[in-house]
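Since the structure of chain A is provided, determine the placement of chain B on it from the hints.
If you want the building blocks of each chain, they are given just below.
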Amino acid sequence: MNITQSSTRYPLGLIVNQELVASFASKRGIFVTSVFILTWTWLLFYPISFAAEAMKNSQGGSLIFAALSLLGLESLKNWSMAEFAVYWVVALYLFPAFSLLMASDQMISERKRGGLRFLTLRCSRAHIFFGRFIGHMLIQLFLLIATLGITYTLLLLNNSQYWLEGLQILPLLLFNLIWATSPFVALMSLLSVVINSVRISILVAIIIIVLAGLIINYAASYFPFLSLLSYWIPGTQIAQMAQLSPSAALSSLWNPAMQTLGFLVLGYGLFKRQAI
Amino acid sequence: MSALIECQNLTKAYGNKKALNNISFEIQAGQPIALVGPNGAGKSTLFGILAGYIPATSGEAKILGHNVGSPELIGRIGALPQDALFNPNLTIQQQLSFLARLQGFGRSEAFKEAARVLELMQLADTAKEKITALSHGMKKRVAIAQALMGEPELVLLDEPTAGLDPENARNIRQQVMALSDETTFVISSHNLEELERLCEQVLYLDQGELKAQHIIGQQTEQQTLSYLTVRLVVKNTAIVSNIKQLTAVSKIELKQGDELVIGYNSSKNPILDQQLLQLLAQHKVPYRQITHGQSLEDQLFMK
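Protein chains in written order, with our numbering: chain A, 1 to 276; chain B, 1 to 303.
Since the hints were derived computationally from the structure, they do not count as laboratory data. The C-beta atom is built at its ideal place from N, Cα and C for all residues, glycine as well. If a hint is listed, it holds; no wrong ones were tucked in.
Listed next, the in silico DSS-like pairs over lysine-lysine satisfying Cα-Cα at most 25 Å (straight line):
| id | chain 1 | residue 1 | chain 2 | residue 2 |
| --- | --- | --- | --- | --- |
| 1 | B | LYS112 | B | LYS128 |
| 2 | B | LYS211 | B | LYS62 |
| 3 | B | LYS244 | B | LYS255 |
| 4 | B | LYS251 | B | LYS268 |
| 5 | B | LYS17 | A | LYS112 |
| 6 | B | LYS62 | A | LYS272 |
| 7 | B | LYS139 | B | LYS128 |
| 8 | B | LYS251 | B | LYS235 |
| 9 | B | LYS112 | B | LYS130 |
| 10 | A | LYS27 | B | LYS128 |
| 11 | B | LYS130 | A | LYS112 |
| 12 | B | LYS18 | A | LYS112 |
| 13 | B | LYS284 | B | LYS255 |
| 14 | B | LYS130 | A | LYS27 |
| 15 | A | LYS112 | B | LYS139 |
| 16 | B | LYS244 | B | LYS268 |
| 17 | B | LYS284 | B | LYS251 |
| 18 | B | LYS139 | A | LYS27 |
| 19 | B | LYS235 | B | LYS255 |
| 20 | A | LYS112 | A | LYS272 |
| 21 | B | LYS62 | B | LYS18 |
| 22 | A | LYS272 | B | LYS18 |
| 23 | B | LYS244 | B | LYS284 |
| 24 | A | LYS272 | B | LYS17 |
| 25 | A | LYS112 | A | LYS27 |
| 26 | B | LYS17 | B | LYS62 |
| 27 | B | LYS112 | B | LYS139 |
| 28 | B | LYS18 | B | LYS211 |
| 29 | B | LYS284 | B | LYS235 |
| 30 | B | LYS17 | B | LYS211 |
Coverage of chain A stretches by chain B, computed from C-beta distances (three or more under 8 Å per stretch; other residues unrestricted):
| id | segment |
| --- | --- |
| 31 | 16 to 23 |
| 32 | 104 to 115 |
| 33 | 118 to 129 |
Bound-form chain A, shown alone:
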């Protein structure tokens, strides 16, 4: 029996879709998603809810504001919606950290078991590489939308008079956070190509993010031009973004955009020439 093949192919969409299915079917995916859900449930219903409540009354608020000043986040007191103020700071740090774990195995296990060889006769390497990246960015997007939705619900429960302002800030928060997370996912795309162990790739990512920043700062004290290298460390702008409102933080997004593009170009360049 000869089954007729349809003439239209959407390999990128199919790869993205399969990555979503495979990510949530894997033990790693189930584990990281479970940890994510538990962490965010706790964060939303305890620290975020508590901090938002405290910021609203003068006694608790002054305590929280003093703590924020110590952390260099005093600008948060200007937020009218306390729930989103706390969410903004927590999400800016937590989403990139989770994305390192969630996106760490874009190709490593599959390359090791030879599974990529089933794909290369059916689609280009560009489809595989960018499809995996887009798939993981979509996962981050879904998780961001889910947590933003719950935070908005909390806001409605506590301060329903801010329903419109809350609705207006949602796209800004989403846009900022997805861009802030993208270089971390792109870095894992690059490391998926050059490293053959998922654990080592996570370790290398942490070393790049934590240690490289310290080394560059130290070296830049002797050779100031080396400070330019810090622009290539993912998350280098996050501390600055946390002090700004989401609309003001948009001006910092060129840096993660540049990093994302750089990591993807390098990663794809290497993957294109790689024996699989």
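Frame of chain A; chain B shown alone:
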């Protein structure tokens, strides 16, 4: 019409070691083709380059007139990669349907195509299983099934029967023979008997170089003699001297005790096979098999 596979000065180097050294050959579509050679000869590297897994260091490889890796080849080539495994977290049906969709099948057609190739490999019952639930032989047959999706014009099979029990190996050989009218198979294997049964042409690689390319059983330009191979029921050295006296016989080699390889000039004696049968009957020497030509092993390795 362009050749099915065309390689020009193909080289693959790993540091100073050349896994393939400037090989050139052309293969036309047709009956299955054997790729043989010792371990480390470069067979898997050649397969890898043709299937797009490994980039060549230099030279050119074309399939159906298109460069390897070209989008025009999608759905026209199938391959069984050596030791490649499917995702352990998804069902076989999910994975084969996904691969079929990448080849251009619609959603329901992809599902049917996955079922069709599983049926071909007698694995229809395993569609909803995960690959980890299957035996080694079944995993290999699933991998072969994916290579057959979409009825490609060329299928590259790297060690298709290695590690399989005789019944499964036979099933795969039968499938190859059944499909070889529409599809050209290139098969790499160490099992020369199997290749001899399946294939018409042979490419012999050694130390990264193409040492021979010829039709199995056909006399090569270097060969001045024709051959008859006789397998006796029991070892019989006495008959050798009688065979030597037959017209045009120039050499006899006794192999493994019960196998005789007779080299002769066929233009001087075109009916040697009949004379040999008469001689064996006359001396009451029982035999199992008489074949024209040498075995593939002898063709490749006998000096």
